[in-house]
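Top to bottom, those sequences are chains S and X.
Sequence positions in the first sequence follow our numbering and run 23 to 133.
Sequence positions in the second sequence follow our numbering and run 1329 to 1489.
Rather than coming from a laboratory, the hints here were simulated on the basis of the structure.
Fair warning: there could be bad hints in the mix.
[Unchecked claim] Chain X stretches covered by chain S per the calculated footprint, using a threshold of three residues with CB under 8 Å from any CB of chain S:
(1) 1344-1352
(2) 1360-1372
[To be verified] So the derived label-pair ranges between C-beta atoms look like this:
(3) X:Gly1428 to S:Ala36: 38 to 44 Å
(4) S:Gln90 to X:Arg1416: 43 to 49 Å
(5) S:Asp37 to X:Asp1350: 40 to 46 Å
(6) X:Asn1425 to S:Ser38: 24 to 30 Å
(7) X:Asp1431 to S:Arg104: 20 to 26 Å
(8) S:Ala122 to X:Thr1395: 16 to 22 Å
(9) S:Thr56 to X:Gly1399: 53 to 59 Å
(10) X:Arg1416 to S:Pro96: 34 to 40 Å
Just so it is clear, CB atoms sit at the ideal spot from N, CA and C, and this is done for glycine as well.
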Amino acid sequence: MTDAEIDLVFGALADSTRRSIIARVIVAEQSVSTLASQYLVSFAAIQKHVAVLERASLVRKQRRGREQIVHGNPETLARAARLLDSYEEIWRQRTQRIDAILAEEETHERN
Amino acid sequence: MPTITSEKNVDELTLTFTSHFDAPVDRVWQVWEDPRQLERWWGPPTYPATFERHDFVEGGKSLYYMTGPEGDKMWGWWMVTLVDAPHRLELDDGFANADGTPDNAIAPTHTTVTLEATEGGTRMTSHTQFETTEQLQQMIEMGMEEGMTLAIGQIDAILAE
């Protein structure tokens, strides 16, 4: 993933409506018009949001007859999951350091 | 070794981390309250944290920096939003500029920490809410040295044998 690609993903995820769209289409594909009916914004606004998500490879869009169908892209979402994994590792190591501090004192008390 | 479980929610961008320590709740609370103990674990050994300010009361602010191997410094701040000693604390954790002023380009994360007495120890739960993936990436970049640190720690342990 290049820096430019990372920027696109982060930019796309920085908006709550777009995060909400992803949450819906990852569960089941939806047409742009169905999506638009679920938000208090215009069809054009939803189309723009979908375009931003598509550029970031977070969703894929497909024409089916008159409908534009939006699917979630699990590979890109997996990257967000990996970021959470890294943060988890930071906490894991913090916990081990806390444990070492607590254990050290216990040793002092015993001596 | 502490027992650890964690729960990640990718859609919500949250991480809940639970660990168990063989020490009473009051003692575990001290590693948060006492800045000298806090700086021994908040940053990794290669980027140790120094808390210049640690006002551990509701509405209190903390200011810290982490010093890298090249002498480089990364600044961060806390705003303690809730203190219910020794069981619960909530804080916003953000980035700061070199002069210590908050860097508003990246939103702070909000973390809730709870300490519960268990048979023979304490269960500590930290729940962190990220606003955006970008913010999560920044947090990780700050902690990126951890992987390296782990490796160095292992070498140290071998050498010490």
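Within the stretch 1344-1352 of chain X, is the number of residues with a Cβ closer than 8 Å to a Cβ of chain S three or more? holds (count 5)
Between S:Ala122 and X:Thr1395, does the beta-carbon spacing fit 16 to 22 Å? holds (20 Å)
Should the hint that S:Gln90 and X:Arg1416 are 43 to 49 Å apart at their CB atoms be regarded as holding? Taking Cβ atoms as reference, S:Gln90 and X:Arg1416 lie about 48 Å apart, which means the hint holds.
Please test the hint of 40 to 46 Å on the beta carbon pair from S:Asp37 and X:Asp1350. holds (45 Å)
Just tell me: holds or violated, for the beta carbon distance of X:Asn1425 and S:Ser38 against 24 to 30 Å? Cβ of X:Asn1425 to Cβ of S:Ser38: about 27 Å, so the range 24 to 30 Å holds.
Could you tell me whether the CB distance from X:Asp1431 to S:Arg104 stays inside 20 to 26 Å? holds (25 Å)
Note whether the CB distance of X:Gly1428 and S:Ala36 lies within 38 to 44 Å or breaks it. violated (26 Å)
Kindly confirm whether 34 to 40 Å is satisfied by the beta carbon distance between X:Arg1416 and S:Pro96. holds (36 Å)
Status of the given 53 to 59 Å range, CB of X:Gly1399 versus CB of S:Thr56: holds (56 Å)
Verdict on chain S covering the stretch 1360-1372 of chain X, where coverage means 3 or more residues with a C-beta closer than 8 Å: holds (count 5)
Hint compliance for this structure: hint 3 alone is broken.
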